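S.K.: Read off the chains here:
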Amino acid sequence: KAGVTQTPRYLIKTRGQQVTLSCSPISGHRSVSWYQQTPGQGLQFLFEYFSETQRNKGNFPGRFSGRQFSNSRSEMNVSTLELGDSALYLCASTRGQGRTTEAFFGQGTRLTVV
Amino acid sequence: AQSVTQPDIHITVSEGASLELRCNYSYGATPYLFWYVQSPGQGLQLLLKYFSGDTLVQGIKGFEAEFKRSQSSFNLRKPSVHWSDAAEYFCAVGPGSEKLVFGKGTKLTVNP
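Same order as they appear, the protein sequences are chains A and B.
Just so you know, the first sequence maps onto residues 1 to 114 in the numbering used here.
Just so you know, the second sequence maps onto residues 1001 to 1112 in the numbering used here.
There's no promise every hint is true.
Simulated pairs of lysine-lysine, DSBU-like, Cα-Cα distance not exceeding 30 Å [to be verified]: (1) B:Lys1049 / B:Lys1061; (2) A:Lys13 / B:Lys1104; (3) B:Lys1049 / A:Lys13; (4) B:Lys1104 / A:Lys57; (5) A:Lys57 / B:Lys1049; (6) B:Lys1061 / B:Lys1107; (7) B:Lys1061 / A:Lys57; (8) B:Lys1061 / A:Lys13.
Think of the hints as simulated: they come from the structure by calculation, not from any bench.
A quick note: this is a predicted structure, and the numbers were derived from the prediction, not measured.
Make a model of the complete structure from these sequences and hints.
M.R.: In structure tokens form, the structure reads like this:
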């Protein structure tokens, strides 16, 4: 079956702009989690959506937001981009129910803010 | 607060040598523990996971890990490393798979 698909793979944006990243989970998976990966901070949890509702949230400013659609696809949005938002953004999908579920990661979107 | 410590930022081993990557965690409840591997510019691939039961878990690519509650550790091992194992390895802990706390990673270099 198809894996987790993230689009686009690469993005270059200017400071102050906003950006939207997309994540299509594995078919049948209802939970999508987002992570930011930077050389300095490593992998940090942003938020998780399950059945169109934000179920968990990490410690990021309100400029970072997300949503999930009825087909479980998810988008994350970053407004008023800062240079420090340059990172690899990864999404992961799981069935979302029960603790013994495996998270499958996409290849990520590399965002560069100039 | 939940946290994961991977003490070794970079490890170099020779091909065919054994490998152990260290992971210590801090978690208030029964932890769910994971090891992921990441090749440059790629996403994360799950190597193995521990939820409960046997404290020695087997994973893909010949990796295994041992959960030691008394030491709050979940070290990853492989008896004989292959050149293709060169990558970055991440240990993670969570209440499940949806909200993971990752360590900073250990980069593995394999010498021929």
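S.K.: Would you pick out the hints that fail for this structure and give their numbers low to high?
M.R.: Hints 3, 7, 8 not satisfied by this model.
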